[in-house]
Amino acid sequence: MALAAVAWTADPVQIAAEKYPGSLEMAAWLKRKYAPTAAPSPEILWLDEVFADRQISRRNNLANFRPMVYGFSDRLDQTKVAYRTIAPAMMRAAMRDFGDDATIDKAKSNVPDWRNFVSIDLSR
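Position 26 of the sequence shown, counting from 1, maps to 16 under this note's numbering, and the rest follow consecutively.
Bear in mind the hints are in silico, worked out from the structure with no lab data behind them.
Just so it is clear, the structure is predicted and the values come from calculations on it, not from any experiment.
Wrong hints could be hidden among the right ones.
Result set (EDC-like, lysine to aspartate or glutamate): computed pairs, CA atoms no more than 16 Å apart in a straight line [what the hints assert, rightly or not]:
{"id": "1", "residue 1": "Lys21", "residue 2": "Asp95"}
{"id": "2", "residue 1": "Lys21", "residue 2": "Glu33"}
{"id": "3", "residue 1": "Lys21", "residue 2": "Asp103"}
{"id": "4", "residue 1": "Lys98", "residue 2": "Glu15"}
{"id": "5", "residue 1": "Lys9", "residue 2": "Glu39"}
{"id": "6", "residue 1": "Lys9", "residue 2": "Glu33"}
{"id": "7", "residue 1": "Lys23", "residue 2": "Asp91"}
{"id": "8", "residue 1": "Lys21", "residue 2": "Asp1"}
{"id": "9", "residue 1": "Lys21", "residue 2": "Glu8"}
{"id": "10", "residue 1": "Lys23", "residue 2": "Asp111"}
{"id": "11", "residue 1": "Lys23", "residue 2": "Asp95"}
{"id": "12", "residue 1": "Lys23", "residue 2": "Glu33"}
{"id": "13", "residue 1": "Lys23", "residue 2": "Asp67"}
{"id": "14", "residue 1": "Lys9", "residue 2": "Asp103"}
Cβ pair distances, simulated, as ranges [what the hints assert, rightly or not]:
{"id": "15", "residue 1": "Asp67", "residue 2": "Lys98", "range": "18 to 28 Å"}
{"id": "16", "residue 1": "Ala77", "residue 2": "Ser13", "range": "27 to 37 Å"}
{"id": "17", "residue 1": "Lys21", "residue 2": "Asn50", "range": "33 to 43 Å"}
{"id": "18", "residue 1": "Arg56", "residue 2": "Glu15", "range": "10 to 20 Å"}
{"id": "19", "residue 1": "Asp91", "residue 2": "Thr(-1)", "range": "37 to 47 Å"}
{"id": "20", "residue 1": "Lys21", "residue 2": "Ala53", "range": "27 to 37 Å"}
{"id": "21", "residue 1": "Asn50", "residue 2": "Leu14", "range": "37 to 47 Å"}
{"id": "22", "residue 1": "Asp67", "residue 2": "Trp104", "range": "26 to 36 Å"}
{"id": "23", "residue 1": "Asp67", "residue 2": "Lys21", "range": "21 to 31 Å"}
{"id": "24", "residue 1": "Glu15", "residue 2": "Tyr60", "range": "28 to 38 Å"}
{"id": "25", "residue 1": "Thr93", "residue 2": "Leu66", "range": "17 to 27 Å"}
{"id": "26", "residue 1": "Arg22", "residue 2": "Ala53", "range": "32 to 42 Å"}
{"id": "27", "residue 1": "Trp(-2)", "residue 2": "Lys21", "range": "13 to 23 Å"}
Where is the CB? At the ideal position from N, CA and C, for every residue including glycine.
Work the whole structure out from these sequences, hints included.
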């Protein structure tokens, strides 16, 4: 297996508590970002970790990123996907695979964190 990932569902408050403990700024930011769009179901599919085994494949490990995200979306019954990253490849994969349905909030300028925040809307 060249690519593996961990994902779970939670509302913005739970994500803030789990992934940004003690950051009131991030808690408020997540609430603002998702409050208007998460009305019927406040839960988000949080893509927590993505691993590539470079001993198996040194390149193109994110070639299956789109089907992986859709697989998690189908199994967890969520259309709002989010993750944080510092990896340029993870940002490129989101834009390549999801285009206008993906948004990247840049670290320290659009989001009060040192990591970029990627959100993907699969409901369209």
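Hints, one by one, checked against the model:
1. The straight-line distance between the Cα atoms of lysine 21 and aspartate 95 is roughly 15 Å, inside the 16 Å bound, and the hint therefore holds.
2. Using a Cα cut-off of 16 Å, the hinted pair lysine 21 and glutamate 33 holds, with the two alpha carbons roughly 12 Å apart.
3. Distance check on the hinted pair: lysine 21 and aspartate 103 sit about 15 Å apart at the alpha-carbon level, within 16 Å; holds.
4. Restraint check for lysine 98 and glutamate 15: satisfied, since their Cα atoms lie roughly 11 Å apart, inside the 16 Å limit.
5. The straight-line distance between the Cα atoms of lysine 9 and glutamate 39 is roughly 12 Å, inside the 16 Å bound, and the hint therefore holds.
6. Under the criterion of a C-alpha separation no larger than 16 Å, the hint pairing lysine 9 with glutamate 33 is consistent with the structure, at around 15 Å.
7. Under the criterion of a C-alpha separation no larger than 16 Å, the hint pairing lysine 23 with aspartate 91 is consistent with the structure, at around 15 Å.
8. Distance check on the hinted pair: lysine 21 and aspartate 1 sit about 9 Å apart at the alpha-carbon level, within 16 Å; holds.
9. Under the criterion of a C-alpha separation no larger than 16 Å, the hint pairing lysine 21 with glutamate 8 is consistent with the structure, at around 14 Å.
10. Our distance criterion of 16 Å between C-alpha atoms is met by lysine 23 and aspartate 111, whose separation comes to about 13 Å.
11. A threshold of 16 Å between alpha carbons decides the hint, and for lysine 23 with aspartate 95 the separation of about 11 Å falls inside it, so the pair holds.
12. Restraint check for lysine 23 and glutamate 33: the C-alpha separation of about 13 Å stays at or below 16 Å, so the hint holds.
13. For the suggested pair lysine 23 and aspartate 67, the alpha carbons sit about 20 Å apart, so the restraint of at most 16 Å is broken.
14. Using a Cα cut-off of 16 Å, the hinted pair lysine 9 and aspartate 103 holds, with the two alpha carbons roughly 11 Å apart.
15. Separated by about 33 Å at the C-beta atoms, aspartate 67 and lysine 98 break the suggested range of 18 to 28 Å.
16. Between alanine 77 and serine 13 the beta carbons are some 21 Å apart, a value that contradicts the proposed interval 27 to 37 Å.
17. Roughly 37 Å separates the CB atoms of lysine 21 and asparagine 50, a value that falls within the hinted 33 to 43 Å.
18. Between arginine 56 and glutamate 15 the Cβ separation comes to about 32 Å, which falls outside the hinted range of 10 to 20 Å.
19. A hinted range of 37 to 47 Å is violated for the C-beta pair aspartate 91 and threonine -1, which are about 19 Å apart.
20. Checked against the hint of 27 to 37 Å, the pair lysine 21 and alanine 53 passes, with Cβ atoms roughly 35 Å apart.
21. For the pair asparagine 50 and leucine 14, the beta carbons lie near 40 Å from each other, so the given range of 37 to 47 Å is met.
22. The given range of 26 to 36 Å is respected by aspartate 67 and tryptophan 104, whose C-beta atoms sit roughly 32 Å from each other.
23. At about 22 Å, the CB distance of aspartate 67 to lysine 21 agrees with the hint of 21 to 31 Å.
24. For glutamate 15 paired with tyrosine 60, a C-beta distance near 32 Å keeps the hint of 28 to 38 Å intact.
25. Taking 17 to 27 Å as the suggested C-beta distance range, the pair threonine 93 and leucine 66 conforms, at roughly 20 Å.
26. Hint check: arginine 22 to alanine 53, Cβ distance near 34 Å, so the stated range 32 to 42 Å holds.
27. With their beta carbons about 19 Å apart, tryptophan -2 and lysine 21 fall inside the hinted range of 13 to 23 Å.
Hints 13, 15, 16, 18 and 19 from the list above are not met by this structure, while the remaining hints are.
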